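Student: Residues per chain, in single letters:
2 protein chains.
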Amino acid sequence: MPKKTSKLSIIPLGGTGEIGKNLLVFEYEDSIVVIDGGVKFPEDELLGIDLVIPDISYLEKKRDRIKGLFITHGHEDHIGGLPFILPKLNIPIYGTKLTLGLVQAKFQERTAYPESLIHVLEPGKPVRVGDFEVEAFRVTHSIPDAVGYSLLTPVGRVVYTGDFKVDYTPIDGQNMELGKLAAWGQEGILALLCDSTNAERPGVTISEMAVGKTLREWIERAEGKIIMASFASNVHRIQQAINAAADVGRKVCVVGRSMENVVRTATELGYLRLPEDDILVASSEVGNMAPEKLLVLTTGSQGEPLAALTRMATQSHRQINVLPGDMVIMAATPIPGNEKLVNKTINHLYQIGAEVVTKEMGQVHVSGHANQEEIKLVIRLARPRFLIPHHGEIRHQVGFRRIGNALGYEDEDIAITQLGSRVILSPDRMEFGERVEAGSVYIDGLGVGDVGYIVLKERQQLAQDGVVIIVTALSKTKPYRVLSGPDIIARGFTFMKEAETLVEGAKKEILNTLEIQLQKDQLEWVVIKTNIRESLGKYLWEKTRRRPIILPVLLQL
Amino acid sequence: MPKKTSKLSIIPLGGTGEIGKNLLVFEYEDSIVVIDGGVKFPEDELLGIDLVIPDISYLEKKRDRIKGLFITHGHEDHIGGLPFILPKLNIPIYGTKLTLGLVQAKFQERTAYPESLIHVLEPGKPVRVGDFEVEAFRVTHSIPDAVGYSLLTPVGRVVYTGDFKVDYTPIDGQNMELGKLAAWGQEGILALLCDSTNAERPGVTISEMAVGKTLREWIERAEGKIIMASFASNVHRIQQAINAAADVGRKVCVVGRSMENVVRTATELGYLRLPEDDILVASSEVGNMAPEKLLVLTTGSQGEPLAALTRMATQSHRQINVLPGDMVIMAATPIPGNEKLVNKTINHLYQIGAEVVTKEMGQVHVSGHANQEEIKLVIRLARPRFLIPHHGEIRHQVGFRRIGNALGYEDEDIAITQLGSRVILSPDRMEFGERVEAGSVYIDGLGVGDVGYIVLKERQQLAQDGVVIIVTALSKTKPYRVLSGPDIIARGFTFMKEAETLVEGAKKEILNTLEIQLQKDQLEWVVIKTNIRESLGKYLWEKTRRRPIILPVLLQL
Numbered sequence: 001m002p003k004k005t006s007k008l009s010i011i012p013l014g015g016t017g018e019i020g021k022n023l024l025v026f027e028y029e030d031s032i033v034v035i036d037g038g039v040k041f042p043e044d045e046l047l048g049i050d051l052v053i054p055d056i057s058y059l060e061k062k063r064d065r066i067k068g069l070f071i072t073h074g075h076e077d078h079i080g081g082l083p084f085i086l087p088k089l090n091i092p093i094y095g096t097k098l099t100l101g102l103v104q105a106k107f108q109e110r111t112a113y114p115e116s117l118i119h120v121l122e123p124g125k126p127v128r129v130g131d132f133e134v135e136a137f138r139v140t141h142s143i144p145d146a147v148g149y150s151l152l153t154p155v156g157r158v159v160y161t162g163d164f165k166v167d168y169t170p171i172d173g174q175n176m177e178l179g180k181l182a183a184w185g186q187e188g189i190l191a192l193l194c195d196s197t198n199a200e201r202p203g204v205t206i207s208e209m210a211v212g213k214t215l216r217e218w219i220e221r222a223e224g225k226i227i228m229a230s231f232a233s234n235v236h237r238i239q240q241a242i243n244a245a246a247d248v249g250r251k252v253c254v255v256g257r258s259m260e261n262v263v264r265t266a267t268e269l270g271y272l273r274l275p276e277d278d279i280l281v282a283s284s285e286v287g288n289m290a291p292e293k294l295l296v297l298t299t300g301s302q303g304e305p306l307a308a309l310t311r312m313a314t315q316s317h318r319q320i321n322v323l324p325g326d327m328v329i330m331a332a333t334p335i336p337g338n339e340k341l342v343n344k345t346i347n348h349l350y351q352i353g354a355e356v357v358t359k360e361m362g363q364v365h366v367s368g369h370a371n372q373e374e375i376k377l378v379i380r381l382a383r384p385r386f387l388i389p390h391h392g393e394i395r396h397q398v399g400f401r402r403i404g405n406a407l408g409y410e411d412e413d414i415a416i417t418q419l420g421s422r423v424i425l426s427p428d429r430m431e432f433g434e435r436v437e438a439g440s441v442y443i444d445g446l447g448v449g450d451v452g453y454i455v456l457k458e459r460q461q462l463a464q465d466g467v468v469i470i471v472t473a474l475s476k477t478k479p480y481r482v483l484s485g486p487d488i489i490a491r492g493f494t495f496m497k498e499a500e501t502l503v504e505g506a507k508k509e510i511l512n513t514l515e516i517q518l519q520k521d522q523l524e525w526v527v528i529k530t531n532i533r534e535s536l537g538k539y540l541w542e543k544t545r546r547r548p549i550i551l552p553v554l555l556q557l
Numbered sequence: 001m002p003k004k005t006s007k008l009s010i011i012p013l014g015g016t017g018e019i020g021k022n023l024l025v026f027e028y029e030d031s032i033v034v035i036d037g038g039v040k041f042p043e044d045e046l047l048g049i050d051l052v053i054p055d056i057s058y059l060e061k062k063r064d065r066i067k068g069l070f071i072t073h074g075h076e077d078h079i080g081g082l083p084f085i086l087p088k089l090n091i092p093i094y095g096t097k098l099t100l101g102l103v104q105a106k107f108q109e110r111t112a113y114p115e116s117l118i119h120v121l122e123p124g125k126p127v128r129v130g131d132f133e134v135e136a137f138r139v140t141h142s143i144p145d146a147v148g149y150s151l152l153t154p155v156g157r158v159v160y161t162g163d164f165k166v167d168y169t170p171i172d173g174q175n176m177e178l179g180k181l182a183a184w185g186q187e188g189i190l191a192l193l194c195d196s197t198n199a200e201r202p203g204v205t206i207s208e209m210a211v212g213k214t215l216r217e218w219i220e221r222a223e224g225k226i227i228m229a230s231f232a233s234n235v236h237r238i239q240q241a242i243n244a245a246a247d248v249g250r251k252v253c254v255v256g257r258s259m260e261n262v263v264r265t266a267t268e269l270g271y272l273r274l275p276e277d278d279i280l281v282a283s284s285e286v287g288n289m290a291p292e293k294l295l296v297l298t299t300g301s302q303g304e305p306l307a308a309l310t311r312m313a314t315q316s317h318r319q320i321n322v323l324p325g326d327m328v329i330m331a332a333t334p335i336p337g338n339e340k341l342v343n344k345t346i347n348h349l350y351q352i353g354a355e356v357v358t359k360e361m362g363q364v365h366v367s368g369h370a371n372q373e374e375i376k377l378v379i380r381l382a383r384p385r386f387l388i389p390h391h392g393e394i395r396h397q398v399g400f401r402r403i404g405n406a407l408g409y410e411d412e413d414i415a416i417t418q419l420g421s422r423v424i425l426s427p428d429r430m431e432f433g434e435r436v437e438a439g440s441v442y443i444d445g446l447g448v449g450d451v452g453y454i455v456l457k458e459r460q461q462l463a464q465d466g467v468v469i470i471v472t473a474l475s476k477t478k479p480y481r482v483l484s485g486p487d488i489i490a491r492g493f494t495f496m497k498e499a500e501t502l503v504e505g506a507k508k509e510i511l512n513t514l515e516i517q518l519q520k521d522q523l524e525w526v527v528i529k530t531n532i533r534e535s536l537g538k539y540l541w542e543k544t545r546r547r548p549i550i551l552p553v554l555l556q557l
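Here the protein sequences line up with chains R and F, keeping their order. Position 276 (the first sequence) corresponds to 276 in full-length UniProt numbering; numbering is contiguous. Position 249 (the second sequence) corresponds to 249 in full-length UniProt numbering; numbering is contiguous.
If you are wondering where the hints come from, they were derived from the structure by calculation, not from laboratory data. Note that the coordinates shown come from a computational prediction; the quantities given were computed from them, not determined experimentally. One should not assume that every hint holds.
Repeated chains share a single entry, so a pair holds when one copy, or any two copies, can fit it.
Said to hold, decoys possible - Only pairs whose alpha carbons sit at most 25 Å apart, straight line, appear in this in silico DMTMM-like list of lysine to aspartate or glutamate:
| # | residue 1 | residue 2 |
| --- | --- | --- |
| 1 | Lys340 | Glu304 |
| 2 | Lys251 | Glu355 |
| 3 | Lys376 | Glu412 |
| 4 | Lys106 | Glu542 |
| 5 | Lys340 | Glu360 |
| 6 | Lys344 | Glu200 |
| 7 | Lys507 | Asp487 |
| 8 | Lys478 | Asp64 |
| 9 | Lys213 | Glu373 |
| 10 | Lys293 | Glu431 |
| 11 | Lys376 | Glu355 |
| 12 | Lys359 | Glu412 |
| 13 | Lys344 | Asp411 |
| 14 | Lys340 | Asp278 |
| 15 | Lys344 | Glu304 |
| 16 | Lys543 | Glu515 |
| 17 | Lys106 | Glu60 |
| 18 | Lys476 | Glu339 |
| 19 | Lys507 | Glu292 |
| 20 | Lys213 | Glu412 |
| 21 | Lys359 | Glu373 |
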């Protein structure tokens, strides 16, 4: 059949209705193109979970149709899932130099991804994959070498901005290719997928250059050692800090695994320029150096319990001690949910007697995502027929829709998607198809996707009220009797002061339950255990207002 | 000996180095006066803890010297601990009418506190207790009837602001008594204890009146049902919402236990005036009412899992459903740590199709604590010899010290206290004495102070990796052999895909350990259990990178 009768499907498997684990699927007949494969950091209630990645069952089923995976930039929420996803798909990947460098760095921690499948992409040089012609265009963001993508498809051109802000004075001089967007807009764009993270924020974001100015002021003012914590991937901020350090005659020490990785990769690939060859010093040397000659770049801006800054703040870092009079610059704001951890770190630093520079005290951080006026600019330039907010929770998607409405778009021309939504596009129509399998895969320890809902529920309950184990042995033959126990073991559950009476009461409770059951001709394990669970549960709730997990362990001998 | 040679001790048992559980002790010879007795809401790592209150061992030892407990205002972090603290001390308490009303409401949930010990206090009417003359003065805060205290002591006058902001246009017309503060300042104030919560925030706070204006605008604009969530204790905000509702012809439904309590108490005592006698409707009636005729006042502004708004947002509230087109006003900002929960509620509401009004969209909340310029004003008026920041974490206390420095105070004239610090004041000197016993008491379920560090550690580990229980029965007599098991039970710990092999491996591991032990003439429980824990722990860590709690359960039959 003639292609024109077919339609394009756009399926977000991650990054919609949520911030994190971005993954977009574009499907036209036998051609599938994927954009990004990120991770998300677990919600508090995902106890003990390390990472969350998108469920890619849908892609696994159609693996042989996937023509390639294109990466917008090197942030964890766009590349962090690749080490888990790519080995299952074995597909060619495309991205800019730094982005691929950071991906390879992730793989080097595991078995490397085959070179033959890795393709460096030049913005402005389209590549043909299946029925798509994919072209990257430069955007400005909080990491260098970030791009958005244009997909020229049989039904029309679709553009995805990727994460972006409109920074007119980017540190590396690589401007956002607004002209390109405008040109495509003239030709006609069918649909625009747009970063909606900051859709609730009025006005425009501030340029990274402003942060550089503020950093320089603080660095010039500092008397003791300077410790700056920021996101490892913010190469531009790191560059500006290093430049300022050089100008005031300070050496730079890079601490923290991810920070070391990024600085190494970015330097090797020429995205980070060291003003002096010998400006970097090893953390082992820090002890012997004069504080006023030193700038430490470190991870831990989010108060992560194991990060370098956190260990420094708690005086438990092997090489670097924070001293009274040192200056700690928190060049990042807490990601929602991290406020308490960050606050704790800051308080520890004050306790030591350090000066702590936070956002309240000057422009030491700016967002990497477009505010309302920048989003409007991009929509006006692209002039798309349809709008699809991406990279946002529903509050951000709805905020984006309000912006679209303000620019004259009807609600039905703006698709608010969910995970697995199938947006079907024809040249003149946008509609929702049947949802595909989508969701979250939890990564815990070494296993992938091995932690189910039940287990999490259990951990939650364990965390709340602990566990009470009842051990008792019953005779094999009639008359059934209790050979030993019931013994009670508790963990994470406390019997409070009137322990004895409570334990005695609990045992009586159990024995009463058993008595009835032991009369029967046949002992029914399930029934006995359920009854014990119920009667003891009721008893403990009345006495302690707590609901520990109750585990009856029965032996028959 | 002549009094003048004695000294005054000021001891914070709560509310310093932290936000919450405020409790200040003033001690002069045989006279002790206490101010406030609050609770603090638990940190995330205090798994399953409901409340945290100050450790008052110090006061219990000196109970017969305590002349009275004075309360500044009715917020939880100032009165929430009283139902646990007062029964242990049985001392007279003093406070303004509304404050005591709220305290009694708390007690009515338990056994009431003896009327004979409760004294209503009039600002401006000093009371003599022991060696102190205590006088309340009005301050403006986010709850009516808030006061600070002046303590006239043998060594001089000490003033504690309590929680305050300088609101020149308070809703109830009860202005902050700045003149009083100035007059005392003229006479000479020895030390000022001052609210330092917002010491990092420049400028001044905005008047509660501004919130009223914004609320009215939204309430007039709304088409469907209006649901407003705020702190229950913010009587002024509730008053303004009710007034606006009355003006647009909406009835008001009050939902949520604490909200109902406060509205009842405040109305009874005349702090909340209902513009129409029949303006309140029961939540049972809401179902039959036209949405545009209704304003629901509810708890849940912090996304608390069990609060009314949270249940409405998840469509699980018995009487009140949120419908598309309803307007939900979040008239509060998240307390640090609650951001994620609040965000989740907001997203649920958008999912339903409600319009959600947050602080980003207009002045629907203001802080109740003084910013830098207000703190400066109070210091200038009081002109104290010494400064003691209270009600703040160390970052806020240090922020307050910066303000003090800016006004010409030396560091040594500003006391940065910790829990249990003893600040010793003589007419011309401020120094630190020996710290007294102080800290936190955890309240969990019905018990008080019954949850120890170990239990919390256990809960943490359970929450991370769960628990694995090993059950096995051994013979009583030699040759010792395994009669049953080892059986393995796991909760919150998952054996992943290769379950069987892992379980088998674990059993082998245990049997090997047992085998060695069973050779011995005497079975040593402790040794056996320890060995099982170690060998199995090692095995599971290697295979799964997790450390569940391992509980060997041995029976001998």
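Student: Hints numbered earlier in the text: which of these fail when held up against the supplied structure?
Tutor: 8, 10, 12, 14, 18, 19, 20
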